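Take a look at the letters that make up each chain.
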Amino acid sequence: MADVNNALSPHGGKLVDRVMEPEKGRKKAKEAKIKLPIDGSRATEIMSIAYGFFSPLEGFMGSKDVDSVCKDMRLQSGYIWSIPIVFDISEEEIKEKKIKVGDSILLTYQGQPFAVLELAEIFSYDKTLMAEKVYGTKDEKHPGVKRTYAYKDRFLGGKVTLINPPRINPPFDKYWYPPKVLRQKIAELGWKRVVAHQTRNVPHTGHEWLMKGAWFASNADAVLVSCVVGEKRAGDYIDEAIVLTHEALRESGYFREGTHLTSILLWDMRYAGPREAVFHAIVRKNLGCTHHMFGRDHAGVGTYYSPYAAHEIFSQIPDLGIGSVLTLEWWYCPICGEVTYSGLCGHEKEQQAFSGTLIRSIIQDGVKPPRLIFRPEVFDLVMESGDKYGFGSPFVAGEYLAKRNPVITVPPMEV
Amino acid sequence: MAQTFPINIWINEERLEKLQSAGLAHLAQEAFAGLRKLSVPTDEQQRDAILRKFPTAKFDSATTKSIELLPRDIKDRIFTLVVEKKTLNVIDAFLAST
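In order, the protein sequence lines correspond to chains A and B. Going by this note's numbering, the first residue of the first sequence is number 1, and it counts up by one from there. Going by this note's numbering, the first residue of the second sequence is number 1, and it counts up by one from there.
Just chain A, with the same shape it has in the complex (with noise of 0.2 Å):
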């Protein structure tokens, strides 16, 4: 395997970038002879690798890229990638469509053409070891394990061309910042140290003082919110919920202006632990930020990963070009009187902490969390949001999963 620079940012020395201009893409979409329809979350992955939020992949792996990722956690160029990226697909697609190696594939998304796949190989991959590898655990309860089991039985590998850019629709349109605008932006604002905060939660004050702790730390210019918009589970918090919330932040004053940006990351959560954190540091380092902060159980899920595994991983891998504050968590201790850090506090048996699930607990309960720990311009958005997206509740649940208005639109084009 080669010896390459891991930290250069993006990663790879080159932002990716593979999005055609719709005249062009028109023509392309033209050549493509065969045409295949996708959903939404492949959708989204084709867009974070045309955008190069995923630099430097420049399309769905092949089976050499998936087996190094999975065994070594690298792909085979040498650079370091920890979720693999792949296009499923079934035999019977496969031979109901006459796909072979070589083929240009028009991929159609909500009936119109969205993007053009380069087929460079089709094979097979043992989703189990797949599973064992990346989440560490064969159990079909694992979310991403779920996911990694589903997959149909055979994989499409090849570079992929983004010819019909979708619109972004409101309220996220205006947090939407693929890597090429948001390494401008930046630049422009003059700031040269952000630290990124990943997130798939309304704040409580508990992450508002883990963005602060971690702005601190790094000595940043910035906080970059990077609220995670996919797939989502009933009980979550609805995405509008996520980013409006995470802005009012900062238009409340808790965040001064200029200090902090909100902007959204197109995925779905694989809840892969300390894998996923380091897939979330080069996603962040592509988007123009030098640090990223990890809390407890980042990216994780029940019991699988030990609570700073996320921590461990960054000691073990080399040196990504993006620092990592590693930060223990915040809790309210009645004795201080405020929300304060873990590893300072001498409270330990009158420490109260709590979670987003804890506070979604006491909101389900139709009580109102105190200021201390839940700010009330949130709340009083959290509630809006729910009326305006969420049909009455600000938790996804089967009508919001049914109708909810969708983040994108493909704009129609004739071919």
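These are computed hints drawn from the structure, not numbers from a lab. What you are looking at is a predicted structure, and each value in this text was computed from that prediction instead of being measured. The reader is advised that the hints may include incorrect statements.
[Stated by the list, open to error] Derived list of chain A stretches under chain B, where covered just means 3 residues or more per stretch with a C-beta under 8 Å from a C-beta of chain B:
(1) 294-302
(2) 362-371
[To be verified] Cross-link-like lysine to aspartate or glutamate pairs, in silico, DMTMM-like; alpha carbons within 25 Å at most:
(3) A/180 / A/93
(4) A/141 / B/48
(5) A/146 / B/60
(6) B/65 / A/251
(7) B/53 / A/139
(8) A/28 / A/88
(9) A/349 / B/43
(10) A/141 / B/14
(11) A/146 / B/48
(12) B/65 / A/338
(13) A/30 / A/72
(14) A/138 / B/30
(15) A/174 / A/387
(16) A/159 / A/121
(17) A/146 / A/93
(18) B/65 / A/312
(19) A/349 / B/14
(20) A/35 / A/23
(21) A/141 / A/153
(22) A/185 / A/257
(23) A/133 / A/121
(24) A/141 / B/44
(25) A/368 / B/48
(26) B/85 / B/44
(27) B/65 / A/329
(28) A/368 / B/43
(29) B/53 / A/399
(30) A/35 / A/96
(31) A/368 / B/44
(32) A/185 / A/251
(33) A/349 / B/60
(34) A/185 / A/247
(35) A/127 / A/268
(36) A/127 / A/72
(37) A/192 / A/247
(38) A/192 / A/139
(39) B/58 / A/139
(40) B/85 / B/43
Virtual Cβ for every residue (Gly too), placed ideally from N, Cα, C.
Based on these hints, arrange chain B on the given structure of chain A.
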């Protein structure tokens, strides 16, 4: 003493009135400078039974070690049992009734 895993029932005005009327306000603990809660204990077996019966509920294994996100009407039923029996040890009775 075996480890217990509480179900936190957060006290809103309606629940507070009921607790006060039953002379049970002392069972509610202060939390987070302004909240009150009933911490109804479960043992491991009861915890697992509740998580099986109510799939939206979640055991917060990482931070609070408590059972959260039980539907509000279910918490109301547990709360009613606490008021009726004047004790927090109601989970066996609750499970028997579901």
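Results for each hint:
Counting residues of the region 294-302 of chain A whose beta carbon lies closer than 8 Å to any beta carbon of chain B gives 4, which reaches the threshold of three, so the coverage claim holds. Here's how the region 362-371 of chain A fares: 7 of its residues keep a CB closer than 8 Å to some CB of chain B, so the rule of at least three is met and the hint holds. At most 25 Å may separate the alpha-carbon atoms for a hinted pair to count; residue 180 of chain A and residue 93 of chain A exceed this at roughly 36 Å. Restraint check for residue 141 of chain A and residue 48 of chain B: the C-alpha separation of about 15 Å stays at or below 25 Å, so the hint holds.
Our distance criterion of 25 Å between C-alpha atoms is met by residue 146 of chain A and residue 60 of chain B, whose separation comes to about 21 Å. For the proposed pair residue 65 of chain B and residue 251 of chain A, the alpha carbon gap of about 34 Å is over 25 Å, so the pair is violated. A hinted pair counts as satisfied when its Cα atoms are at most 25 Å apart, and residue 53 of chain B with residue 139 of chain A qualifies at roughly 21 Å. For the given pair, residue 28 of chain A sits about 23 Å from residue 88 of chain A by alpha-carbon distance, which is consistent with the 25 Å threshold.
For the given pair, residue 349 of chain A sits about 21 Å from residue 43 of chain B by alpha-carbon distance, which is consistent with the 25 Å threshold. With a C-alpha separation of about 38 Å, the suggested pair residue 141 of chain A and residue 14 of chain B falls outside the 25 Å cut-off, and the hint is violated. Pair hint residue 146 of chain A plus residue 48 of chain B holds up; C-alpha atoms about 22 Å apart against a cutoff of 25 Å. Using a Cα cut-off of 25 Å, the hinted pair residue 65 of chain B and residue 338 of chain A holds, with the two alpha carbons roughly 21 Å apart.
Simply put, residue 30 of chain A and residue 72 of chain A have alpha-carbon atoms about 39 Å apart, too far for the 25 Å limit, and the pair is violated. Only pairs whose Cα atoms come within 25 Å are accepted, and residue 138 of chain A paired with residue 30 of chain B is rejected, the gap being roughly 42 Å. A distance of roughly 20 Å separates the Cα atoms of residue 174 of chain A and residue 387 of chain A; the hinted pair therefore holds under the 25 Å criterion. Restraint check: the Cα-Cα separation between residue 159 of chain A and residue 121 of chain A comes to about 10 Å, which is no more than 25 Å; the hinted pair holds.
Between residue 146 of chain A and residue 93 of chain A the alpha-carbon distance is near 22 Å, which keeps this suggested pair within the 25 Å criterion. For the given pair, residue 65 of chain B sits about 23 Å from residue 312 of chain A by alpha-carbon distance, which is consistent with the 25 Å threshold. Under the criterion of a C-alpha separation no larger than 25 Å, the hint pairing residue 349 of chain A with residue 14 of chain B is inconsistent with the structure, at around 31 Å. Only pairs whose Cα atoms come within 25 Å are accepted, and residue 35 of chain A paired with residue 23 of chain A is accepted, the gap being roughly 19 Å.
Annotation: proposed proximity of residue 141 of chain A to residue 153 of chain A holds, straight-line Cα distance about 20 Å (limit 25 Å). Of the pairs offered as hints, the one joining residue 185 of chain A and residue 257 of chain A holds, with about 15 Å between alpha carbons and a cut-off of 25 Å not exceeded. Only pairs whose Cα atoms come within 25 Å are accepted, and residue 133 of chain A paired with residue 121 of chain A is accepted, the gap being roughly 22 Å. For the suggested pair residue 141 of chain A and residue 44 of chain B, the alpha carbons sit about 20 Å apart, so the restraint of at most 25 Å is met.
Pair hint residue 368 of chain A plus residue 48 of chain B does not hold up; C-alpha atoms about 29 Å apart against a cutoff of 25 Å. Taking the CA atoms of residue 85 of chain B and residue 44 of chain B, the gap is about 22 Å. The hint holds against a cut of 25 Å. For the suggested pair residue 65 of chain B and residue 329 of chain A, the alpha carbons sit about 15 Å apart, so the restraint of at most 25 Å is met. As the CA atoms of residue 368 of chain A and residue 43 of chain B are separated by approximately 29 Å, the hinted pair breaks the 25 Å bound.
At most 25 Å may separate the alpha-carbon atoms for a hinted pair to count; residue 53 of chain B and residue 399 of chain A meet this at roughly 22 Å. Pair hint residue 35 of chain A plus residue 96 of chain A holds up; C-alpha atoms about 11 Å apart against a cutoff of 25 Å. Using a Cα cut-off of 25 Å, the hinted pair residue 368 of chain A and residue 44 of chain B is violated, with the two alpha carbons roughly 30 Å apart. Proximity of residue 185 of chain A to residue 251 of chain A is assessed by CA-CA distance (about 19 Å); at most 25 Å being required, the pair is judged to hold.
Note on residue 349 of chain A and residue 60 of chain B: the hinted pairing holds, with a Cα-Cα distance of about 19 Å set against a maximum of 25 Å. With a CA separation close to 17 Å, the supplied pair residue 185 of chain A and residue 247 of chain A stays within the 25 Å bound. For the hint linking residue 127 of chain A to residue 268 of chain A, the alpha-carbon distance of about 18 Å falls within 25 Å, and the restraint holds. A distance of roughly 16 Å separates the Cα atoms of residue 127 of chain A and residue 72 of chain A; the hinted pair therefore holds under the 25 Å criterion.
Restraint check for residue 192 of chain A and residue 247 of chain A: the C-alpha separation of about 22 Å stays at or below 25 Å, so the hint holds. At roughly 43 Å between alpha-carbon atoms, residue 192 of chain A and residue 139 of chain A are farther apart than 25 Å, so this suggested pair is violated. Using a Cα cut-off of 25 Å, the hinted pair residue 58 of chain B and residue 139 of chain A holds, with the two alpha carbons roughly 18 Å apart. In summary, the hint linking residue 85 of chain B to residue 43 of chain B is supported, as the alpha carbons are separated by about 19 Å, within the 25 Å threshold.
Taken one by one, the earlier hints fail for this structure at numbers 3, 6, 10, 13, 14, 19, 25, 28, 31 and 38, listed in ascending order.
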